[in-house]
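> Chains as they are written, first to last, in the working numbering: chain G, 99 to 368; chain V, 4 to 590; chain L, 95 to 406.
Calculated directly from the structure, the hints in this document are not laboratory data. Worth double-checking, as some hints may not be accurate.
[Claimed, not checked] Derived pair list, reagent style DSS-like, types lysine-lysine, alpha-carbon separation capped at 27 Å:
hint: 1; chain 1: L; residue 1: Lys165; chain 2: V; residue 2: Lys399
hint: 2; chain 1: L; residue 1: Lys101; chain 2: L; residue 2: Lys403
hint: 3; chain 1: V; residue 1: Lys403; chain 2: L; residue 2: Lys183
hint: 4; chain 1: V; residue 1: Lys182; chain 2: G; residue 2: Lys176
hint: 5; chain 1: L; residue 1: Lys165; chain 2: L; residue 2: Lys101
hint: 6; chain 1: L; residue 1: Lys165; chain 2: V; residue 2: Lys442
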Amino acid sequence: MSDVIVECIDVNTHFGVHHVLKNINLTVRPGETVGLVGESGSGKTTLGRAILGIGPVSSGRILFEGQDIAGIAPRDRKGNAASIQAVFQDPYTSLNPSMTIEDILVEPIAARGQASKVDATAQVRKLLDQVALPSDAAYRYPREFSGGQRQRVAIARALALSPHLIVCDEPVSALDLSTQARVLELFVEIQERTGVAYLFVSHDLSVVRHISHRVAVMRGGEIVEFGECDQVTANPQHDYTKRLLLAAPVADPVRQADRRAALRALAVGA
Amino acid sequence: MSPASSAPAPVSAPGRVSIVRSVLTNPLGLIAAILLLLVIVATVFAPLIAPFAAGDLQIFKINAPPGDGYLLGGDGSGRDIFSRLVYGAQNTLIGALIALSVAAIIGVTAGLFAGYFGGRREVVMSWIADGLMALPALIVLLAFYQSLGSSIHVSMVIFGVMLSPGFYRLTRNLVNGVKHELYVDAARVSGLSDMRIIARHILLVIRAPVIIQTSIVAGISIVIQAGLEFLGLGDPSIPTWGGMLQDAFANMFVVPTAILWPGLAISVTVASFVLLANAIRDRLQQGNRVAAAPALPAAVPQSVGAAPTDAGVLLDVRDLVVGYPAKSGWTEVVNGVSLQLRRGEVLGLVGESGSGKTQTAFAILGLLSTGGRILSGCIWFDGRDIANLPESEMQKLRGKRIAYVPQEPMSNLDPAFRIGYQLTEPMVTVLGISRAEAKARALKLLARVGMPDPNRTFNSYPHQVSGGMAQRVLIARAISCSPDLLIADEPTTALDVTVQAEVLELMRDLQAEMNMSVVLVTHNFGVVADLCHRVSVMKDGRVVETSAVKTLFADPQHDYTKMLLAAVLDDVTPRVYKPLQAKEVSA
Amino acid sequence: MLSYVSKRLLSSLVLLALVTTLTFAMVFGGADNVAQNILGENATDQQIADLETRLGIDRPLYEQYGTWVAKAVRGDLGVSWTMGESVSKILSGRLPVTLSMVVLAICIIGIVSALLGIAAAVRGGWADRVIQLISVVGFSLPNFWLGLILVVVFALNLRWLPATGYTDFLNSPTGWLASLALPVGALVLSGIASASQQVRGAMIDALRQDYVRTLRAGGIKPSSVLFRHALRNAMPAALTVLSLQFIGLLGGAAIIERVFAIPGLGSITVQAALSGDIPVLMGVVVTMIILVVIVNIAIDLANAWVNPKVRL
C-alpha cells in the first residue's frame with residue numbers, strides 16, 4: 099500500500115490566454131481529507147475537475163495510485179482510477195429531476211457494467227442505508243426531497259463504485275447551517291468506515307477546518323500554503339492565508355471585534 | 004433529517020412530462036386531438052368516406068350550390084367539393100409530414116451535436132442556420148420551381164431544409180442549457196459515454212419542447228404548401244386544399260362561398276396542431292404559474308393599537324402576517340412577526356432558508372413578489388402605519404426614507420445603463436435635484452464607498468465592474484438620499500470572504516456616520532456578530548427570540564437558537580490523520 | 095463597433111455569394127427545355143438552338159455563372175426572357191410597391207404587438223386572453239385565405255375598399271392607403287400573433303429581473319421602471335422577432351400580391367417562376383437577400399445600442 103493515493107506534479111491549465119492553474123503540487127493520502135480553500139477564481143474547482151477528468155490539463159502529471167490520469171476522461175480510466183467520484187455543490191442541479199433515485203444510483207454501476215439488474219437493486223438499498231435514507235426513497239424523484247436529503251443521494255451515488263477518492267466541490271455551501279453540520283458528520287462517518295479519501299473544495303475556511311487533515315490555500319491559480327490543518331488554520335505563514343482567516347467573521351461579537359482590529363492592522367501593514 | 008423547508012419553493016424543474024396525458028387533460032387539447040384524428044381517418048379511409056372520386060365531374064354541377072348529392076356543392080369544373088376536401092386531406096398531410104420529417108431530423112441532429120460538442124462545429128452550423136433563416140422560404144421555393152418540377156413533395160423537402168434552423172436553434176439552446184448541469188458532470192464522472200449521456204439525460208429534457216415545435220412546424224408546412232398550390236405551383240391533377248382554393252379564387256365573383264371550405268379545412272387542421280402544442284406547453288409551465296388570488300380573510304387588515312409613544316422607536320412591526328395565494332387559501336410565509344428598531348440601531352434578522360426573514364423585509368418595503376399580501380398586522384414607521392399604505396404613498400417613502408441593499412450585486416443593476424445613470428436616477432427622482440448636482444454627489448458617493456477611480460466607475464456599465472464593486476455601487480445608491488432606514492438583504496452573501504470583510508467595514512462606518520437604522524437580513528452568525536446591535540432569530544415565519552447581540556451569543560434562550568449556534572463550525576479541533584492499514588482500504 | 099459592422103457585412107456578403115451561387119446552379123442546372131418553353135410546342139429545332147445561343151444557355155454552367163456575376167456586380171442583372179426588358183428596370187419599378195406594403199405591415203405589427211404584449215405582461219387579464227386568441231387564430235388562418243375573405247366581405251359585399259390594384263403613394267396617399275388596407279390587413283394578423291407573444295414573454299422576463307425590485311425600492315417611478323428599464327431590456331428579443339417578421343413578410347407578399355393583383359416583387363416572382371424567366375428570378379433573389387441583410391444589420395445596430403454587452 100502506497101502512502102499517497104493522488105499526487106499532482108506541476109499541473110498547469112490554460113483557458114485560452116488565462117493561466118488558471120500554475121504548477122500545482124498536491125498529495126492526498128489514503129483515507130485522508132485534504133481541504134482546498136480559496137476565493138472565486140482561485141482555481142480550486144478547476145483543479146478538482148482536472149483530477150476528475152472532466153476539466154483540461156495543459157501540462158504536468160496527476161498520479162492516482164501511481165498511474166498517470168491527467169487528461170484522461172473518466173470512461174477511459176482503468177482500474178481504481180475509474181472509480182474516482184464526485185459530490186457537487188448544488189444538490190438541486192446535480193440530480194436529474196426526471197430520474198428516480200434508483201435510476202440515479204444505478205447509473206454509475208451500469209456505466210461500468212459492474213452489476214446485473216438484480217444486484218443493482220440490492221446495491222441501491224445498501225447505498226441508501228449508508229447515507230441514512232429510507233429504502234422507499236428509491237422510487238421517488240429528487241424534487242420530493244429537501245436540500246440535505248438530495249445531497250445524501252448525491253453522496254450515495256458517489257459511493258456506488260466503492261471509490262478510493264471522492265472529489266467534493268463545495269458540497270455543503272448550498273445547505274442551511276444545521277443541515278450543513280449533519281452532512282459534514284456523514285462525510286466524516288463514511289470516511290472512518292470505508293477509508294475513502296476526500297479532496298474537499300470549499301470557499302469556507304471553517305468548513306474546511308472542520309473536515310480536513312491537511313489544508314491547501316489557493317489564490318490566482320497557485321497554492322500559496324499547504325500543510326497540516328491546525329498549522330494552516332491556527333498559525334498561518336502566508337499573508338493571504340492570514341487575511342482569509344481573519345476576514346471570515348466569527349459568531350462571537352467580542353472576539354469578532356478583536357479580529358476586525360487585527361485584520362485592519364494587517365491591511366495597514368501590507 | 005429535517006423536513007423540506009416550509010417556504011413555498013417554486014417547483015424548479017418539471018419532472019417527467021407525460022405528453023399524452025397533458026394533451027388529454029386539457030379541454031382544448033382534447034378537442035384538437037379529436038379533430039386531428041378525424042383528419043387522419045379521412046386521409047386513410049378517403050375512398051370509403053368520399054361519395055365521389057376526386058376527379059369525377061358533372062357538367063351541370065359547375066359551381067352548383069350545396070345539395071343534390073353534392074354536400075358542399077360543386078367546384079368550377081363540376082366536381083364534388085366535399086369529396087375533394089376528403090382526398091385533399093391526404094395530400095396535404097403527406098406534404099406536411101415530408102417537410103416536418105426533413106426539418107426535424109436535420110435540425111435536431113445538428114442541434115444535438117452543435118450544442119453538446121460546441122466549438123468550431125457549432126460556429127459553422129449556426130452560421131448555416133442563420134443563413135437559412137435569412138431567406139424568405141416562399142421566394143426560394145418559387146425560384147426553384149422550374150428545376151424542381153410540379154411535384155409538391157420535392158418542394159416540401161426543400162421547405163423542410165429551410166425549416167430545420169428552427170429545430171436546430173431550439174435543440175442547441177436546450178442542450179446548451181442542460182450540458183453544464185451538474186448531473187451531466189456527475190454522469191461523465193460515473194463513466195458514461197457521450198452517446199449515453201445524450202440518450203439518457205439530454206433527450207429526456209428536449210423531448211417535450213421538440214414535440215411542441217413539431218406541432219407548430221406541421222401547421223406552418225400545411226399553410227405554405229397550400230400557398231404554393233394556391234399560386235398554381237402544384238400538380239393540377241391531384242386534389243389539394245390549396246389547389247381547391249385556387250379554383251375557388253378563379254370563380255370568386257361567381258360563388259364567393261366556395262372559398263370557405265378549403266380554407267376552413269386548412270385553418271381547423273392548423274389550429275388543432277397549435278392547440279395541441281399549447282396543451283403540452285401549458286403542462287410544462289404548470290410549475291411556474293401563480294394561483295389566482297383567493298378571497299381575502301373576512302376582516303380587512305387595519306391598524307391595531309396606536310403608534311409607538313417612544314419617539315426613539317423608528318420601526319415597530321406588530322403581528323405581521325404575510326401570505327401567498329395557494330391552491331386552497333393562503334400560504335402564510337410570515338406568521339405573526341413583531342420587531343422593534345430604534346433610531347441608529349442595527350437589527351439582525353437571522354434564520355435558515357424558509358424562515359420568512361426576507362419576506363418580512365420585503366413586506367416592510369412594500370415590495371412583496373407577485374401575489375404576496377400583508378394579511379394582518381401593522382408596520383409603524385416613524386409614527387405612521389405603512390402596512391396598508393397605497394402604492395403611490397409607499398413609492399414616496401422608498402428610496403427617500405427607506406432604502407434597500409440586495410443580495411446579488413450583479414443582477415440588481417440594470418445591464419443596459421451606465422452606473423452613473425443608475426446612481427443619479429434616484430437622486431433626480433426622489434430629491435428633485437438637477438442632473439449636474441446629482442452627478443457631483445454621485446462622484447462623491449463613489450469615492451466614499453471606496454472606488455479608486457469614481458469617474459471611471461461612473462461611466463462604466465455594470466458588466467465592466469467586479470461583484471464587490473457593484474455591491475458598493477448599490478450601497479452608494481441606497482444611501483444617496485440619506486434614508487432613515489436601510490433594509491439590507493444578505494448584503495455580503497454573494498461576495499468573497501475578503502471582499503465581504505471590506506463591505507461589512509463600509510456598512511458599519513456608513514451606519515455610524517449617518518446614524519441610520521438598519522435591518523440586516525442574514526443567515527450568517529458571523530455577520531450578525533460583526534455588525535448588529537440586536538438580533539431576532541426567525542424560524543417558520545415566527546420570531547423565536549430577540550436579544551442584544553452579546554446576550555444572544557453568550558446566553559441563548561430558545562432551543563432553536565442553541566441548536567443553530569451549536570452548528571456553527573468556528574471552534575473545532577482539527578482531525579488527526581491515522582494512516583490506514585492496507586486491508587482497511589480494500590475492504 | 096466598426097469592426098462589428100464590418101464583420102457583419104463580410105458575413106452577409108459570403109451569404110449573398112453562397113445563396114446566389116446555389117440558386118444559380120439550381121435554376122440553370124435544373125432548367126430543361128427553357129427555349130422550348132419560351133417558344134412553345136411548335137418551335138423547330140433550329141429556332142430552339144438559335145434562342146439557346148442568344149440566351150447563352152448552351153455554354154457550360156460555370157461560364158454562364160461567371161458572366162452573370164461579372165455583370166451583376168456592376169448592377170446589370172440581364173434581360174428578362176419573357177418581357178424583353180432589363181431585369182434591373184423591372185425590379186426597380188416593383189420594389190417600391192412591395193416595400194411600401196411590407197414597411198406599412200411591419201410598422202403595424204410592431205406597434206400593435208408592443209402595445210398588446212406590454213399590456214399582457216403588466217396587467218394580464220383581457221390583454222392576455224386577446225393574445226392567446228390571436229396566437230391561435232392568426233397562426234391558423236393562411237394569409238391568402240384571410241385576404242380572400244376580406245375581399246369578399248369588404249370589397250364585394252360592403253364595397254368599402256377596392257378589391258384589387260395598387261395606387262402609388264405619390265399620386266394619391268389616400269388611394270395608396272385604400273389599396274393597401276386589405277392586403278396589409280391580411281398580412282399582419284399572423285405577424286401580430288407571433289410578435290405580440292414574444293413581446294409579452296420578453297417583458298415578463300425583464301420584469302422578473304432582480305433589478306426591477308431594486309429600482310422600485312430606490313423610489314423610481316413605476317412608469318420609468320416599465321418603459322425606461324424593463325422595455326429597454328426586452329427590446330433585443332422584440333427587435334429580433336421583427337427582423338424575422340420582415341423576412342416572412344417578403345415571402346407572404348408573393349401570395350398576397352397575387353390575390354390583390356398588386357404589381358410588386360412578389361407577383362413578378364410568381365409570374366417568373368411559372369414562365370421560367372430565370373434572369374428575373376435571380377434578380378429577385380439577389381434583391382431580397384440584400385433587403386434582408388440591410389434590415390438585419392439595422393436590427394443588430396439597434397441591439398448594440400440597447401445592449402452594451404454586444405458592443406465590441
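> Among all the numbered hints in the text so far, which are the ones the structure does not match?
1, 3 and 6
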